[in-house]
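A.B. asks: Given only the sequences and the hints, what does the whole structure look like? Please build it.
Under the numbering used here, read the first sequence as residues -3 to 777, first letter to last.
Hints are not guaranteed to be accurate.
[Stated by the list, open to error] Label pairs and their in silico Cβ distance ranges:
| id | residue 1 | residue 2 | range |
| --- | --- | --- | --- |
| 1 | Ser119 | Ala586 | 32 to 40 Å |
| 2 | Met473 | Lys625 | 21 to 29 Å |
| 3 | Lys727 | Lys467 | 22 to 30 Å |
| 4 | Asn114 | Thr353 | 47 to 55 Å |
| 5 | Ser260 | Val133 | 35 to 43 Å |
| 6 | Thr353 | Ala592 | 54 to 62 Å |
| 7 | Lys530 | Gly56 | 38 to 46 Å |
| 8 | Gly56 | Thr140 | 34 to 42 Å |
| 9 | Val559 | Gln585 | 12 to 20 Å |
It is worth saying that the hints were derived from the structure and are not from the lab.
C-beta atoms are modelled at their ideal positions from N, C-alpha and C, and glycine is treated no differently.
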Amino acid sequence: MLFSKKMETQIVKAVCDDEIALFTANQWAGFSYETQQQILLGYRLTYLAETEVNWCAELGTVLANDEIVNGVSERGGYAVVRKKMKQWSMRISAYAERLLQDIDTLQWSESIKETQRNWIGKSVGATVVFNVKGHEVKIPVFTTRPDTIFGVSFMTLAPEHELVAALTTPDQKQAVDAYVKATAKRSERERMADVKTISGVFTGAYAQHPFSKQPIQIWIGDYVLAGYGTGAVMAVPCGDQRDYDFAKHFDLPIPNVFQNADISELAFTDKDTAVITNSDFLDGLSYKKAVKLAIYELEKIGAGAGKTNYRLRDAVFSRQRYWGEPFPVYYKDGLPQTIAVEHLPIQLPKIEKYLPTETGEPPLGRADIWAWDAQKCAVVSNNLIDNQNVFPLELNTMPGWAGSSWYFFRYMEKADRPAVFASQKALDYWQNVDLYIGGSEHGTGHLLYSRFWVKFLYDLQHVPVKEPFKKMINQGMILGESAFVYRVVGENKFVSKSKAQGYTTQPVHADVSFVNTSNELDIQAFKNWRVEFKNAEFELEDDGSFKVGREIEKMSKSKYNVVNPDDICSQYGADTLRMYEMFLGPLEQAKPWSTAGISGVHSFLKKLWRLFHLGTDEVFNVSQTPASKDALKVLHKTIKKVEDDIENFSFNTSVSTFMIAVNELTAQKCNSKEILEPLTVLISPYAPHIAEELWSKLGHQDSISGAGFPVFDPSHLVESSKEYPISFNGKMRFKMELPLDMSKEEIETAVMTNPKTIQQLDGRVPKKVIVVPGKIINIVG
RNA sequence: GCUGAAGUGGUGGAAUUGGUAGACACGCUGGACUUAAAAUCCAGUGGGCAGUAAUGCCCGUACGGGUUCAAGUCCCGUCUUCAGUACCA
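C.D. replies: Dropping the structure here:
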């Protein structure tokens, strides 16, 4: 590290963790190598730190926040506990503001953008530092309402707060210890579920109000989360409902700092109308002005500063699994050292079992050849470790998002890498992902991590873009229709659906393949399915059938509601399946899989085929005769609509358009090549197999996939007249064919002299006649 | 609670800038062909009232208001469903 002469005694401020101490260049030079390395970790984008992690004992690994759903692991649903561990983390929080700002540049669904905004969770406020009476320590808190600083009547720390033990007075020790223990025992999930119960304990210690110097009781309470802000709050019961509830419950004072606000029942939380009172220098100010002044005064006395807080936590980057990229890191005197780029990649070692070791080390702890020889720059046997030249390698591996965050940049060029990802030329040409079709479940994981990586890569000028995915469509899931049979509790007896009310029953999933369209169960097939059902008893409906219950659920093997598309394929063909899926409805919409209606798509394809053939003999019959005006109109109307639909991912309406086109051309008895050939190309992305077949019958040697998209010619759609809807007070009564080149006045005259108009008016004189040429005529009165 | 999306016939769904609500299908009803069935084709199909009929009128896009010549579409409020998220200081 180089310092200028001036910097030697000047404190250097850099973007890094808040807790990092400031020092001068001379001081830096005086630090030991170890200390310097420790400090540098506080600045690095990827750093090793003792962090509170989500530990899943069953999976033997830590999990990222987004890998936990409802307090249990997303994979397997196992318990997850908070635990301190030394882990690699990535400083995604350093990019929080940019990740938030750039959301606006994305063409993503509003819901997923909002999910990311919430996950980043920006809140603007201030840090306020409280002195503790009789202690050297200070307690910083984060607040979004520094304007209510004179409403502080107590403080609350999270039970896990590091100062709890030190601050607790001897006579409160027993109560505090018991409370901390009880909270630790409760799982995160329980704590979340139980929002209503108010609990907490007084520590016996007092903080000091930064302005009034009044003593403030310090409590601990589990409504304060260790993981957010500083893990401590200044409690303003008059302005925050949780503080209010806590104060009421423990009979703590509730000073009112709002003018004309009734706080007898609830806290006053409306910022916009708040006027501060009983607050010394803040008296009479609005929320906005009071916040500014409070921060200014806090900074003046060194008891706080304006601060923006983010909910977004740094992401844990270590996994205790085998299958993941190994870290190019070895340890010298316990300090991580990176392996130089030219020696990469290092490859996963062979191990016997892909499980954690008996002592709880990650699977790589089982490897025999997993040490780094810093002289030879090679991976060598663990036996050679002497901590002089040969050092132990990192045992953790990288998580899935180490690869998923950037892989698409390598797709841009197939040749050997000339640069980090691809040549500048390829990167400039391809830029980023134009369209990402995927599920919204990645909203707070992969899609955020990837945005972070790409911003970092952009900063280092490895890629020319700031965002990985320009446009995203969250396709809807095809759901399954599960079938349930009702088992009488405690008996090996099943009752048909309508009889189930008479018993205490438990629904059991039955394989949907045993059930027909009228919800009747094939009992024999069901009996043969499981040994335990073999001798089961069945109570039938009065008509002798056995009916199942139905419910729409996610398609899943465990729910036995998976339908195999192969069956549809063999019955109707792949084109029918493909088109039917598109025809079901909008791409973004989740919908249950139902084959009702598939025959419509199938018969459409047969109709299409018949358009090219004569009679039942399958004789190919496409003529060279020029197309009629009407046929050209149908074709170009279709080209226009399909073109627009593809742009809008509105495939369901394209299918309708094809149906209309084929119906109209069939009615016109059109078999002109001039029409059918471009129509075949148009339909080829929707029904590729049949299109390819017709294409070859049309005399082409090459695949239709190389054919150019038909060009829309608006001249075929030009009309000379329009069938105008004639409305009276907004209600359409009849239609009238009128030339399009008529003036408004001429149209009005034509309409008003029409006998039907006279009949409708029945002697009344219209107040107004609205004529929108080419659209509508509305007569008011 | 908060955030987001949505609510249209018996069903899936159309209506992209306010301008003919229900396209296109499924289902259903009737008919043709057939010994019969399948396949195919034709006609009808939002609800109600009147009429033998042609047809006419009324009501209809979750509910209640509003803006407008005109509202499924825009505005305000309410309800319901789905999804995400949550003691965030």
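A.B. asks: The structure should be examined with respect to each hint, and the outcome stated for every one.
C.D. replies: How the hints compare with the structure:
1. Our hint of 32 to 40 Å for Ser119 and Ala586 holds, since their Cβ atoms are close to 33 Å apart.
2. For the hinted restraint 21 to 29 Å between Met473 and Lys625, the CB-CB distance of approximately 45 Å leaves it violated.
3. Hint check: Lys727 to Lys467, Cβ distance near 42 Å, so the stated range 22 to 30 Å is violated.
4. For Asn114 paired with Thr353, a C-beta distance near 39 Å fails the hint of 47 to 55 Å.
5. A hinted range of 35 to 43 Å holds for the C-beta pair Ser260 and Val133, which are about 37 Å apart.
6. In this structure the hint that Thr353 and Ala592 lie 54 to 62 Å apart at CB holds, the actual value being about 56 Å.
7. Under the hint 38 to 46 Å, the C-beta atoms of Lys530 and Gly56, about 39 Å apart, fit the expected range.
8. Separated by about 40 Å at the C-beta atoms, Gly56 and Thr140 satisfy the suggested range of 34 to 42 Å.
9. For the pair Val559 and Gln585, the beta carbons lie near 19 Å from each other, so the given range of 12 to 20 Å is met.
In this structure, the hints that do not hold are numbers 2, 3, 4, in rising order.
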